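J.: Here are the chains, one letter per residue:
There are 2 protein chains.
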Amino acid sequence: MASTMYKAWLQNHHVEQPELREALARWSGSIVASVHTEVLDTAVKELALGIKQLYGEKPTVSKVPQSETFIYVGVADQLDKSFGYLDKSEIPRVGQEGYILKHVVREQHSILAVLGETDRGALYGVFHLLRLMNMGVQLEHLHIVERPRNQLRMINQWDNADGTIERGYAGHSIFFNENQIVEDMTRIKDYARLLASVGINAIAINNVNVNEVETAFISEEQLPAVAKLADVFRSYGIRLYISIHFASPMELGGLSSADPLLPEVREWWKMTAACIYDHIPDFGGFLVKADSEHRPGPFAYGRDHAEGANMLAEALEPFGGIVIWRCFVYNCMQDWRDRSTDRARAAYDHFKPLDGSFHDNVVLQVKNGPMDFQVREPVSPLLGAMNQTNQMIEFQITQEYTGQQRHLCYLIPQWKEVLEFDTHAKGKGSYVKHIGDGTLFGMKISGYAAVSNIGDDENWTGHTLAQANLHGYGRLVWNPDLTAEEIAEEWIRLTFGNEEQVVRTVADMLLASWHIYEQYTAPLGVGWMVAPNHHYGPDVDGYEYSRWGTYHFADREGIGVDRTDKSGTGYAGQYFSPNREMYNQLSSCPDELLLFFHHVPYTHKLQSGQTVIQHIYETRFTGAERAEWLIQQWTSLEGKIDPERYEQVLERLQEQAEHAKEWRDVINTYFYRKSGIADEKGRTIYR
Amino acid sequence: MASTMYKAWLQNHHVEQPELREALARWSGSIVASVHTEVLDTAVKELALGIKQLYGEKPTVSKVPQSETFIYVGVADQLDKSFGYLDKSEIPRVGQEGYILKHVVREQHSILAVLGETDRGALYGVFHLLRLMNMGVQLEHLHIVERPRNQLRMINQWDNADGTIERGYAGHSIFFNENQIVEDMTRIKDYARLLASVGINAIAINNVNVNEVETAFISEEQLPAVAKLADVFRSYGIRLYISIHFASPMELGGLSSADPLLPEVREWWKMTAACIYDHIPDFGGFLVKADSEHRPGPFAYGRDHAEGANMLAEALEPFGGIVIWRCFVYNCMQDWRDRSTDRARAAYDHFKPLDGSFHDNVVLQVKNGPMDFQVREPVSPLLGAMNQTNQMIEFQITQEYTGQQRHLCYLIPQWKEVLEFDTHAKGKGSYVKHIGDGTLFGMKISGYAAVSNIGDDENWTGHTLAQANLHGYGRLVWNPDLTAEEIAEEWIRLTFGNEEQVVRTVADMLLASWHIYEQYTAPLGVGWMVAPNHHYGPDVDGYEYSRWGTYHFADREGIGVDRTDKSGTGYAGQYFSPNREMYNQLSSCPDELLLFFHHVPYTHKLQSGQTVIQHIYETRFTGAERAEWLIQQWTSLEGKIDPERYEQVLERLQEQAEHAKEWRDVINTYFYRKSGIADEKGRTIYR
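From first to last, the protein sequence lines stand for chains F and S.
Every letter in the first sequence is one number past the one before it in UniProt numbering, and letter 264, counting from 1, is 264.
Every letter in the second sequence is one number past the one before it in UniProt numbering, and letter 430, counting from 1, is 430.
For reference, chain F alone in the conformation it holds in the complex:
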């Protein structure tokens, strides 16, 4: 039997309360499903399993009603034949992935209908219904018409064939081991369930840094094994993508070049695409990291990103596949002495000039910020800057720079801020979420990708509470109008049950955690200050004299990066007005991004009224205290959470609190030594 850690948010806790059991009883006896498809079968199985876990008895499953009351799971095109009296007028509103949840009373029947236009819609409807059942929502008179707002809702695995995971903090890969795709698919199927339950519909199974073994995933030899993975995900409505090596024609094909304009290279990719689709008819496409951090790409042949991406796009186009081309391109051999180069500018500078030159089955994958998933950065100015090019947005669920799943850092509030950012690309109201859903410029392909945070740890995510980030990502990109509070509450109820004290306490913890983490780590949007390579723990100068373009420029007078148009790198000018002016002007630049855009004296007064140096001290002290507060909150729940998860989380929170003190002291001492300015309140800063 799976542990509570393992079940994550698919607990389906046994319902004990009499009135809730009674309400559930009506719907727990019978499921009717008149049609069979692989995904619809999955939907019915999940529903039956969920009800069994919730109620204790397994419902019957039949093709035709065998009782007066039942749940009907079906797809629109079969409706007439089976249940002509079900109203199908709303079906066009749900699209290819939406559903209707509706309680219908007709003649002698009381029917709880889960209807999709497609089987995938029905599957999502089933998971929605199970959520409602878990949360004790009244199902009588239910009437929900729901569809996902975004097209691509993708997960990127950074798993390597050798079983390691780049920036993985939850054990080894569940996909690969010792350069082989695993044979036992049990855990992968359980992962597919988790993903489908929150609406994920696409997955790239291997790291964007593609090594030798993964390069061969698109070879005739390896495709049968990859196809088995695709089968598992397909049964949960998820399409499989592969991260490819741009120089595959050389590595695999024995060609002497990978020049995207060479006929033999183009031919090689076309043959390869055909071969892939022979094995995986619904293959999603390629994810590509090219000419970035020493990965090969079109630059080697004097070609640009569009020429590279379009070649791949042409190969995939006949089969309906797409190319996802990452925009994380910058000079990673920068000289720290060179103040004119600004890594933050790089994605925009590289891609903006190519607007309009990409094929329409290419989509550019843009990280949420211009740097690299820091605890705080501005929204990437590339988002919205290209009005003739498909764009999707990349988040990082795995907590590389946000505590590595040893610290609690619930990221939904951060992502929510990104989605609500107004780019002004088409005037006021040009929110990032309307780039994500493709409506701002009417794009053919759009959506979201995020780097997964799971591994083979029993609890999937290292820190049990980090499961909330995976859940929340799926829910948020399904519907960006959900609030972080709503998403958090749902996750807690599904994961730990409906006891109000648990719900309120854990919600408080989750919703405070990003700010707490920010409070004791790099201040005011300046970023980094972490130990090189592994990125865990404080090292203020760790990247200061490096080639990575990630500096804070702290000296004895002040700190920050001047990215203004007037005296700095001009990065601020990549934004549309009035964002450009907001960031350019010291008076209007938001405090939390001040040091990202401006170099200021330690004595500069923030909009909060505090000086920069006092803010640094103040937030470090508060942050470390708040990390202790997280422990207090959690321990107040002792006895209300099963011991296994209680202890696991407690241990992580204790480590976090200790480590928060280390952050506090290192940062405070660093700036005290540099500024010579004491804390106004006389708290301990080590010399």
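I should point out that these hints are in silico values taken from the structure, not numbers from a laboratory.
Remember, predicted model here, so these are calculated numbers, not experimental data.
Please note that a few of the clues may not be correct.
Copies of one chain are not kept apart here, so a pair can be met inside one copy or by any two copies together.
[Stated by the list, open to error] Straight-line alpha carbon distances no greater than 20 Å define the calculated EDC-like cross-link-like pairs of lysine to aspartate or glutamate that follow:
| no. | residue 1 | residue 2 |
| --- | --- | --- |
| 1 | 270 | 360 |
| 2 | 88 | 647 |
| 3 | 661 | 221 |
| 4 | 661 | 335 |
| 5 | 270 | 335 |
| 6 | 102 | 90 |
| 7 | 566 | 282 |
| 8 | 661 | 338 |
| 9 | 444 | 360 |
| 10 | 7 | 184 |
| 11 | 102 | 437 |
| 12 | 88 | 282 |
| 13 | 352 | 565 |
| 14 | 661 | 625 |
| 15 | 426 | 22 |
| 16 | 444 | 282 |
Add chain S to chain F, keeping to what the hints say.
T.: Coordinates of chain S only, in the frame set by chain F:
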């Protein structure tokens, strides 16, 4: 045919000059050796090979003279029988490892005699004779009586069974591969030649950090393979030692404890020692790193170092084996906030109280400085502090903190300074070299160990000029009264030939290189400032907030560690007077160690007259310029050095010069940002 890189200082360049050939001709025809032992056979073979390479013809080897002129290689106890007319009165002066080189004319014979009391002495005599021949020294009327000043002249390999080398910068291990001892001993034999040629007589074959596989080297199963290594070294007069795992009775013996006072543990070690000597009758003994950097040791059982070492000593004693116990013991989990703990004090604090409690077949191996092989540190105050305990001195040939064999750093001048340091342990004139040779306190065992710098790179040492450090170590510990200049010149002549421009130029480079490296790296004895873990390249704060006890405490006012008795950690008080006072007083503390002993303002005036900050800038600028000067010196030799070695060295020097600029700029910028003080000469310091 071996490359010039590979042959290192055993080139035996073919002699071209007519008058030199003529002088050599006399001695190139015949070798007489009336006795056979394994080592004497080695000596004869080396002599015959050397003459063949030098002169072009192989000499005859016979038991009795077959010509009027010959070289005689022999040992004292056979002298009477063979050549009664050879004077043996000087033999008692050469001891167990010395020799007489003497030209004797008797009756019809002209004899160049190489005489040892032992065969090892004769072997060293042969290598000495070959050196003379290489350098074109007149052999007529030769009369040299020579013996090594030091007893143990040891090499420590930090090789791991998996083939990696801890702090190795010249490729993989020549001893181990994939957890096996290599089968082909060719390269190991060539290494033994190199070592014997400079007088090394002991080698510990595995890393002091002993992992699982190496732990089993003392097992019945592994000893036959280890014995084969011992055989190779024995034929060159070198005894084999093994680094052992203190918890071997548990790891190998299945005991539940490794408590050194438990009878079953003591019995296990005795049985193990007996087993080792069954396989290796002349086994040297154990090298032990215990209770240091997480290695197990006696502390776990509430026992002290003496109890741990003595247990092992008792096991080895019946067979004449010894225990070499390392004193590199300190708290590697220090809190950087804690200014009262001082890692520099640790070795003294741990071991001084145990003086007199070690058995007389235990020798303590003490690193030359109190920290860890920095480019500059004071001599360890433990040296001389124990007058009832055997001590030996540990150097590091492998350039962990001194440029990793990518930078040229000839270490003999540094070691020479150590040996000439007057500890005042028994009053004026108590030089470290008299601790090394055991005479200061009349110790039974004494000598030197050094961490090897070789691997399987074609040139052994990564940087071809780094061969000089291995050669120089052997020569210096053979005779500490040799000057660095003499040793360097000898190495150059043997390695590159006798052309005066080459000799002078390379000597200038070698002799300047340590100071050059110091000039652009950590200033004024403060140490570290390197990137964590791999220790290559500048990172001023890399270890500043770490647990390693290695800090510089730079703030906006000043820098340095207060180790004085009055206001600091009291480390200075571990020295004998007047060293204690010299270091305690700012006015007498040598500039080059100022920041090791004192925390001073940047504006503090050094004895040189410069301020600390200006000294930092000045030396960084000069150091980087001098790194360029090394290139100029080397390129002036183009055509005079074979192209293979010329290019290899040039490439390294170019990398060094580039990297020296990185050091210069990072350090200068760091201190400019912190101090706000500009360079007096207005040179470029990046903001």
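J.: Each hint should be assessed against the structure and marked as holding or not.
T.: Against the structure, the hints come out as follows:
Taking the shortest alpha-carbon separations for residue 270 and residue 360, only the intra-copy value of 17 Å comes in at or below 20 Å, while the best inter-copy value is 78 Å. Proximity of residue 88 and residue 647 under a CA criterion of 20 Å is satisfied in neither setting, with 50 Å inside one chain copy and 81 Å between copies. Neither within a single protomer nor between protomers do residue 661 and residue 221 lie at most 20 Å apart by alpha-carbon distance, with minima of 52 Å and 50 Å respectively. With identical chains, the CA atoms of residue 661 and residue 335 are at most 20 Å apart between copies only, with a shortest distance of 12 Å across copies and 33 Å within one.
For the identical chains of this complex, residue 270 and residue 335 are neighbours neither inside a copy (40 Å) nor across copies (60 Å), given an alpha-carbon limit of 20 Å. For a Cα distance limit of 20 Å, the shortest separation of residue 102 from residue 90 inside one copy, 11 Å, qualifies, whereas the shortest one across copies, 112 Å, does not. Taking the shortest alpha-carbon separations for residue 566 and residue 282, neither the intra-copy value of 51 Å nor the inter-copy value of 78 Å comes in at or below 20 Å. Proximity of residue 661 and residue 338 under a CA criterion of 20 Å is satisfied inter-copy only: 14 Å between copies versus 34 Å inside one chain copy.
With identical chains, the CA atoms of residue 444 and residue 360 are at most 20 Å apart within one copy only, with a shortest distance of 7 Å there and 84 Å across copies. Only within a single protomer do residue 7 and residue 184 lie at most 20 Å apart by alpha-carbon distance; the minimum there is 18 Å, versus 55 Å between protomers. In this assembly of identical chains, the alpha carbons of residue 102 and residue 437 never lie at most 20 Å apart, being 26 Å within a copy and 95 Å across copies at closest. Taking identical chains as interchangeable, the C-alpha atoms of residue 88 and residue 282 are never at most 20 Å apart, the minima being 28 Å within one chain and 94 Å between chains.
With identical chains, the CA atoms of residue 352 and residue 565 are at most 20 Å apart within one copy only, with a shortest distance of 18 Å there and 64 Å across copies. For the homomeric pair residue 661 and residue 625, the shortest alpha-carbon distance inside one copy (9 Å) is at most 20 Å, but the shortest distance between copies (43 Å) is not. When the C-alpha separation of residue 426 and residue 22 is checked against a cutoff of 20 Å, the pair qualifies neither within a copy, at 53 Å, nor between copies, at 94 Å. For the identical chains of this complex, residue 444 and residue 282 are intra-copy neighbours only, at 18 Å inside a copy versus 81 Å across copies, given an alpha-carbon limit of 20 Å.
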